[in-house]
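A.B. asks: As a plain string of letters, each chain reads:
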Amino acid sequence: MSEPRANGPELSVEVWRGRAEGRFQTYRVPLRPSQTVLDVVTYVQRRIDPTLSYRFACRVGMCGSCAMMVNGAPRWTCRTHVARVAKDRRLRLAPLRNLPVIKDLAADMTPFFDKWREAEARFLPSSPRAAATARIPPADPERAAADAAIECIGCGVCHAACDVVAWQPDYLGPAALNRAWTLVNDARDADRRAHLAAVAGDAGCHACHSHQSCATFCPKGLNPTASIAGLKRASALALLAGRL
Amino acid sequence: MSGPARWRNHPGYGAFVVHRVSGLLLALFLPAHLYVLGLAIEGEAALDSFLRWTEAAPVKLAEAGLALLLAAHLAGGLRLLAIEFLPWTDRQKTLLALAGGFSAFAALLFLLNAL
Ligand code: SF4
Ligand code: SF4
Ligand code: FES
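Line order of the protein sequences matches chains A and B. Quick note on numbering: the working numbering labels position 172 of the first sequence as 172, and the sequence is numbered without any gaps. Quick note on numbering: the working numbering labels position 106 of the second sequence as 106, and the sequence is numbered without any gaps.
One chain only, chain B, in its complex shape (with noise of 0.2 Å):
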């Protein structure tokens, strides 16, 4: 009975997908981001070379992606914490392009500030 999904056609299905892809996504940057912390304990030679690495241009340009990630799941977080801690508001469509504007605007201003 397979065929196409249209139930999950909307705005707030899109909203839960990015939600989650965006926490797995970031649950995999965490054992890289704590190896790094790790190196400097190991001493800074290590912490350096790697820091130096991270100047090049397209791991900057990764470093905004993880910035969107991180932002955009805060932001979806907190419409979550609103949806049910807070009375309920029919605007939902104007919650979902606040989160959305907010992490684009926090991306862009990451890359801005790393250029």
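With the rest of the complex left out, here is chain A (with noise of 0.2 Å):
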């Protein structure tokens, strides 16, 4: 397949090719109104190079899917626009950080949800999936909070803007952290002293220095570092009190 021409303004895009080992490849791309980033690699691979590698499942911001290192800085690509982040018409793309590389701009998610099991990051039911729906108020702080950090999708930009998970690379990092977070928080689980537990040790909150790299990078407007601080506190009063 060979490269079509333009004759409109273009965008210079580098590209991740390879594995850990690798090179950028630069690729030639129409420059369009609204265009996200999502649109320039799909663009990319159905019209000039079908070999490229890369993840995306629903396009509208829900699945998480599409994550990149987008001229440096992690973003979901497919809400991304090219406007906001290449004002000088170059596009650098690699895949996300702080993960191992499948091809190209696909990155091996599995050590990031490999975090979320080591962190205990899920809900433990304590009545029947028949019993009545449990009855929390919008208002109860304890559910206030979880609401704030429950919006997450998985896409792993935060992990990928952390520090600490590049320095210390048993650190369960942002996500699974935040994820534990609104689960200390919920009434309903059947093992919160569990929760706080497993996010305790040496690789678990305590380990964060609060940088705010993943909630000023989170898509949702997540705040994981004041998740982290509120886990800090929560394991800290529980240690004096006894309870860990």
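Please keep in mind that the hints were generated in silico from the structure rather than gathered at the bench. Glycine residues also receive a C-beta, built at the ideal position from the N, C-alpha and C atoms. Don't take each hint at face value.
[Unchecked claim] Partner residues are not named here, just some residues of chain A that face chain B (Cβ under 10 Å, in silico):
hint, residue
1, P74
2, R97
3, A161
4, T225
Each chain sits in its own coordinate frame; assemble them with the hints.
C.D. replies: Structure representation (structure tokens):
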């Protein structure tokens, strides 16, 4: 397939090709109004080079599968407009940081989700499915804390933004800790102490340096730094009270 | 896959760097500080001649730098304690500005006193 000739304005797009070892390859892509970074990658794959690997599903910011490094910052590409991040018409696209590369722009999310399991970041039901729905008033402070952190789409942007993840490979990371915080605040959970215990160790909440890179880049506007600070307080209090 | 580390491009990360660097520099200064205290034990003359040296303007300026480091590290530490032990506030930039303002103010005060 040959590169189509364009006569309008173009973007110069450098795309990572390969695995851990590889190189950037440059493509020229026509600039369009309201174009997203994912549109650009799709154009390259459909029109120029079908061997390019990348990942997406929903294209509307729900599934969390399309995140990449865009000009050095982690972003969800389906909702990142080219006009906002490539003022000089140049894009440099690489797979999400702090994760192994499968191929090209597709990062291996396995270590990211392994951390959720290590953090016990899953709901432990306290009543059977058939039981009546628990009633938790919206104004309840614990519910408010959980609500503020619940809309995570598992995109891995915060994981890629976090330097502690890079420096301390066993660190549980912002997303898993943020999820743990929702469970510590969930009155329906069967063992909230266990959730707290799972994140109170050396690789847990106390390893966070409060950089706020996670909160700065989370595309859903969540604040893992605040959630982790909550875990720090809760675990310190639990320790003082002899509950940990 | 190197490139600009844009994930570090925000005020919170800047505050982290200032806190880390000021902490390291203060740690490096500590042996010098203890050495001078040691001079006092050795005898008055040694300490006095050292203290005369510290009257020189460039040394005063360096001391103001030291005061800035101390103030910045203190303010940064208080800011971290506020993040971690007080309920979250979205006014992080205000906290940063306060910490920066306090540090500059403390260093200036030191300099004015010294001159
Ligand atoms: S605040 Fe904590 S979790 Fe977030 S980027 Fe910094 S170290 Fe990582
Ligand atoms: S917390 Fe935000 S950045 Fe992190 S995985 Fe969830 S949605 Fe993505
Ligand atoms: S493709 Fe689903 S969030 Fe981007």
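A.B. asks: Taking the hints in turn, state whether each one holds.
C.D. replies: We went through each hint and held it up to the structure:
1. Checking A/P74 against chain B: minimum C-beta separation of about 6 Å stays under 10 Å; hint holds.
2. For A/R97, the suggested interface contact is upheld, since its CB lies about 7 Å from the closest CB of chain B, less than 10 Å.
3. Given the 10 Å rule on beta carbons, the hint for A/A161 holds: about 4 Å separates it from the nearest Cβ of chain B.
4. Proximity of A/T225 to chain B holds as hinted, the smallest CB-CB distance being about 7 Å (cut-off 10 Å).
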